[in-house]
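Trainee: Next come the chains, spelled out residue by residue.
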Amino acid sequence: MATQAQPEIVVSTPPPESPGKGRRPLALSDYLWAMPALILVVGVIHAGIAANVFYSLFDWSGVGSPTDFVGGANYSKLLQDPVFWQASRNTLAFAVATVAIQLTLGLALAILVRTKVRLRGLLRTLVFVPVVLAPAVVATSFRILLTPDGGVNHLLQGLGLSGFDQAWLADPKTAFGAIILINVWQYTGYSFLIYDAAIGQIDRSVLEAARIDGATTWQLSRTVVAPMLRGSHLVLIVLGFVSSLKMFDLVFLTTGGGPGTTTQVLTGYIYRQVIAQFHAGYGAALSIVLVLAALVFSILQVRLSTSESR
Amino acid sequence: MFQFQRLPGRVLSQILVVVALVVLVIPLVLIVKESLAGQGFTNYTLVLSSTPFLRFFANSLIVSVSTVVLVMYLGLSASFGFAVLRPRGSKIGAVVILTGLALPGIALVVPLYYVIQAIGLLDTYWSVIIPLTVISIPFGVLVSTNYVRGLPPELYEAGRLDGASSWQFFWRILVPICRPILSVVAIFTFLAAWNEYLLPLLFIQSTDLQVLTQVPTYFQSQRLVDTPKIFAANILISLPVVMVFIVLQKTFRTGISAGAVK
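Sequence lines, in order, name chains A and B. Read in order, the letters of the first sequence correspond to residues 735 to 1044 in my numbering. Read in order, the letters of the second sequence correspond to residues -3 to 258 in my numbering.
Think of the hints as simulated: they come from the structure by calculation, not from any bench. Any given hint could turn out to be false.
Which stretches of chain A does chain B cover? Using the computed rule of at least three CB atoms under 8 Å from a CB of chain B, they are [what the hints assert, rightly or not]:
hint: 1; segment: 819 to 830
hint: 2; segment: 842 to 854
So these bits of chain B aren't anywhere near chain A, every CB distance computed over 10 Å [unchecked claim]:
hint: 3; residue: 14
hint: 4; residue: 35
hint: 5; residue: 36
hint: 6; residue: 48
hint: 7; residue: 106
hint: 8; residue: 182
hint: 9; residue: 193
hint: 10; residue: 241
Quick partial rundown of chain A residues pointing at chain B, CB under 7 Å, derived from the structure [as the list claims (entries may be wrong)]:
hint: 11; residue: 890
hint: 12; residue: 927
hint: 13; residue: 971
hint: 14; residue: 976
In this text, a Cβ means the ideal position worked out from N, Cα and C, and glycines have one as well.
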C-alpha cells in the first residue's frame, strides 16, 4: 500500500533458489557487484562496532593507545550512572511524544486538505518547507527566538499574553517540551506527506458508500480512513523512533542537554563523554547501548519494507 | 474525497487549516524579521562578505554531491548482485549491510575519530564523505534491492540472450530503468548530507574546508553573539534547498513517500 507513482513495478517474487533451474553457473565476477558496498559497511560500521566493544573494556581518554584494561567496569558504571538513565528516558520520551503528536497532526492535516477548503495548496507546500531545513538551522534559530527576550515572548506580549512568557529553554519545566514542539513544527510535514500519499490510494467508492450511509467526516476519518492506513502508521512509528535515536543537532544546539542534564539524550551524552570530557572508553560503552537499540529498529525497518513491497 | 461536508463542518475545516498555516508560518516570519533587524538587508551582504560563505557553499556541494553519487552507485550495484545475479551468500551479504540501517553516526564516533586521525584524513573532505556514505549505504541498498527485485525476472535473461555482458546490462538497461528509485536515493542522501552537522564539526578544522551548517555557530563563536547575522545566515543557507524543493515539489513528494515505504 501507499506505493505511489511506481507504475512499472511488477509484483513478482524472484523464483525460488532451486539449483539448476535456469540458474547460471557460479561466476566469481558475480560477487564483485556487492563487494564495494560490503567492504565499506564491514570496514567502517562492523569494524567500528567491534572497536567500540574493545575500547569499552578500557579506561581510555581517546588519545594514544588504550592500555588501562578495566574489563566490564565501564558497563557496571553505566548501569549506576543516573545521567545515562536520564538520557535514555529522555530519548524514549522524545520518541513517544514526537511520534504521537506528529502522526496525529499529520493525519489530521492530510484529511483536511482533502476537504473542500481554501488555501489547501498553500498548506501542502508550506507544511513541508521545515522538513527540508537543516536541524542545525532550525535549532540555532529557535534557541534565539525562545530566549526570555526573544521573538516568541515578544509575540506573546504583543498578543496580550505576557503572563505566558518564559525562559523556554532555560527553565527545566519547559525546556524538554519546547524541544519536542520544535521537532513537531519541523517534521509534522513528513507524516503529512506519507498520509497524503496513502489517502490518495484509498478507493473512493468505499468512502462514498459510507457517506451515503450518512457518516460524518469525523466518523469517516476515525472508522474508515485511519484503519486503512495501518501500513503508513507502522512506517511512521518505526521511522520516528529511528530518527529520535539519531537526533543530536536539535538538543546540542538549543540546550546542550541542559539545564543541568534535564534534556540530555543518548547521542548528546556520548558526545559529551567522548569529545568534551575525554572519556572515550566510557563513551564506547555508551555507544554499544545505542548500537543495540539501533539494531532492533534496523530489523523492524527491513521487515516492514519487505512486507510492504509484496 | 471528503468534499461533501455540511456547512458547520466546512467552517470548522477552514478554521483548522488557517490555524495550521498560522502556526507553520509564525517561526518563519520571526526568522525573516530578526534577520532584517538593525541594518536591514545589509545583514545579508555582511554575511556574504565577512564569511567565506561561497566557499562554504561550494564545500557543502562537493561533500553532498560526492556522497550522493557514491551512495547511488554502491546501492544499485549491490542490489544488482543481491537481486539479479544472486551468487551464493547474497542473502547473508544483504543482511550484513542492512544491520546498519538505523545506526546513528555518533555511535561510531570513538573509532572514527581514532582512525581518521591515524590515517591522516583529519581535515579533508573524505573525513566527512566516507562516514556519511557508509551510514547511507544500507538505505540505498534496501530501497534499490526492493525495487530491482520487483522488476520482471525475464529482463536479465533477455539481455543475456542479446549478448549483453553484466557490465553492459547494468549501465545500459538497469540504470535507466531504475531512474525512479535512484532519484529517491538521491533526494534522501542529499538532504542528509547537505544538512549534516556533526561530522564536519568533528573532523573539519580549517575554515577553507568548512561547510554551511557550521556558519550559524561561526557567528556565535565570535566574541559577541550577532543575532541578526545568525538569522540572515540561516536564511541564506536554507534558500537553495527550499527553492529546489518548491521547484521540484512533485519529484520530492513521490520520492519521499516511496522512500519511506519501499
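Trainee: Does each hint fit the structure? Answer for all of them.
Mentor: Structure-based check of all given hints:
1. 819 to 830: violated (count 0)
2. 842 to 854: n = 12 at 8 Å, threshold three: holds.
3. 14: The assertion about residue 14 of chain B is violated, with a minimum of 7 Å to chain A.
4. 35: Since the minimum Cβ distance to chain A is about 17 Å, residue 35 of chain B lies beyond 10 Å and the statement holds.
5. 36: Answer for residue 36 of chain B: holds, closest chain A Cβ roughly 17 Å.
6. 48: Holds: least Cβ distance 18 Å, greater than 10 Å.
7. 106: violated (5 Å)
8. 182: Nearest chain A Cβ is 14 Å from residue 182 of chain B, so the label holds.
9. 193: violated (4 Å)
10. 241: Contrary to the label, residue 241 of chain B does not stay out of reach of chain A, its closest Cβ about 5 Å off (not over 10 Å).
11. 890: Violated, about 11 Å.
12. 927: Holds, because the Cβ-Cβ distance from residue 927 of chain A to chain B comes to roughly 6 Å (cut-off 7 Å).
13. 971: violated (12 Å)
14. 976: Holds - the Cβ of residue 976 of chain A comes within 7 Å of chain B, reaching about 4 Å at its closest.
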